[in-house]
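Protein chains in written order, with this note's numbering: chain A, 627 to 729; chain B, 627 to 729; chain C, 627 to 729; chain D, 627 to 729.
Just so you know, the hints here were simulated from the structure itself, not pulled from any lab data. Here the structure is a predicted model, which is why all the values come from computation and not from measurement. It cannot be assumed that every hint is accurate.
Copies of the same chain look alike in the list, so a pair counts if it fits in one copy or across any two.
[Claimed, not checked] Cross-link-like lysine-lysine pairs, in silico, DSBU-like; alpha carbons within 30 Å at most: (1) 684 with 663; (2) 723 with 684; (3) 723 with 663; (4) 684 with 653; (5) 663 with 653; (6) 723 with 653; (7) 723 with 646; (8) 646 with 663.
There are 4 protein chains.
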Amino acid sequence: MHTIADISIVPLGVGLSLSKYVAACEKVLQEAGLQPKLHAYGTNVEGDWDTVFAALRKCHEILHEMGAPRVSTNLRCGTRTDRAQTGEDKVQSVREKMELGDS
Amino acid sequence: MHTIADISIVPLGVGLSLSKYVAACEKVLQEAGLQPKLHAYGTNVEGDWDTVFAALRKCHEILHEMGAPRVSTNLRCGTRTDRAQTGEDKVQSVREKMELGDS
Amino acid sequence: MHTIADISIVPLGVGLSLSKYVAACEKVLQEAGLQPKLHAYGTNVEGDWDTVFAALRKCHEILHEMGAPRVSTNLRCGTRTDRAQTGEDKVQSVREKMELGDS
Amino acid sequence: MHTIADISIVPLGVGLSLSKYVAACEKVLQEAGLQPKLHAYGTNVEGDWDTVFAALRKCHEILHEMGAPRVSTNLRCGTRTDRAQTGEDKVQSVREKMELGDS
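Please build the complete structure, drawing on both the sequences and the hints.
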């Protein structure tokens with residue numbers, strides 16, 4: 627089962643600067659082959675369901691190893707059976723509608 | 627690794643009444659032993675990480691089998707290594723602070 | 627416009643124990659008349675859209691006043707125009723489907 | 627109060643193709659001056675708190691006008707008082723850490 631997901635992971639109890647923790651998670655997601663696309667409030671990933679969630683688990687484990695006593699994730703994930711669709715397809719589909727709306 | 631999570635699952639393309647789909651997910655979460663506590667915008671669960679995410683996958687699969695071509699989940703999940711904590715502990719801890727604040 | 631919402635607010639940079647901050651937010655939401663129902667990973671509220679979001683803003687402001695340099699919220703909110711519905715209606719509707727499923 | 631947010635809006639009861647609804651929301655967010663950056667599972671915005679939440683309300687209203695009887699949003703929003711930060715700053719900060727990690 628293929629899924630497109632968006633992951634926002636927050637380590638707690640490590641102060642205010644979270645970027646090195648986010649960078650460590652990006653590396654996990656890249657190494658899992660999930661094509662992470664970082665944005666200002668999370669990261670898009672896509673791939674096989676089990677691969678995505680094994681990588682998410684590894685992110686929690688690595689942040690704990692880096693010293694975070696608590697880790698909290700907010701995740702959106704979607705599956706569909708009607709047709710194959712990538713994250714890029716989703717974005718492109720909206721852009722086409724926006725251009726139509728402009729004309 | 628133990629996790630406390632909150633899951634909100636939405637089937638798309640099945641009209642407006644989602645309660646029978648939510649009920650089917652509750653059953654999956656119960657049968658997985660995750661002590662689901664339904665609220666007005668999701669369901670609290672807690673248990674072993676892999677059990678939680680295997681059950682979430684099963685929820686997506688069952689909603690697809692029930693006829694939903696798209697399923698979208700929003701999930702919060704937390705892990706902590708400093709101490710054991712249940713969902714009930716979390717709620718109780720806030721209530722104690724509220725009572726202190728009232729006095 | 628009426629909305630049912632679920633709010634999870636996390637102060638960052640204040641250590642690990644978040645319950646006194648959550649308790650302060652509960653008080654804000656109660657005083658706004660939003661009938662907050664605390665659960666293990668957030669709080670259900672319902673009421674007029676502008677009242678809900680004014681209260682959410684006040685929660686951020688109060689956590690900053692309490693010393694949190696960063697505050698991050700995850701929120702779900704829903705509106706519907708087909709019929710009036712409370713959070714309790716939503717939960718009850720699922721419970722009825724579960725009982726039917728059990729019989 | 628400045629906020630960086632990420633908004634995922636889903637109209638329910640309108641079938642499977644949501645892109646025209648997302649496109650309509652993008653337009654609302656653009657016209658509000660919130661610099662929306664669309665990704666595969668939501669849209670980053672940033673600006674004054676009240677401007678962001680007035681625009682979110684307008685998105686719900688417009689989707690209802692377009693025929694959606696239910697609209698459900700998942701939103702992340704953050705505020706900070708320690709320093710000014712844009713969404714681009716957040717992304718850049720992670721990228722720098724990733725490059726350090728690679729060397």
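Hint-by-hint comparison with the structure:
1. 684 with 663: Close inside one copy (18 Å) and across copies (27 Å); limit 30 Å.
2. 723 with 684: Between copies only: 19 Å across chains, 38 Å inside a chain, cut-off 30 Å.
3. 723 with 663: both (23 Å within a copy, 15 Å between copies)
4. 684 with 653: both (11 Å within a copy, 28 Å between copies)
5. 663 with 653: So residue 663 and residue 653 pass the 30 Å test inside a copy (11 Å) and across (23 Å) alike.
6. 723 with 653: between (34 Å within a copy, 11 Å between copies)
7. 723 with 646: between (37 Å within a copy, 6 Å between copies)
8. 646 with 663: both (16 Å within a copy, 23 Å between copies)
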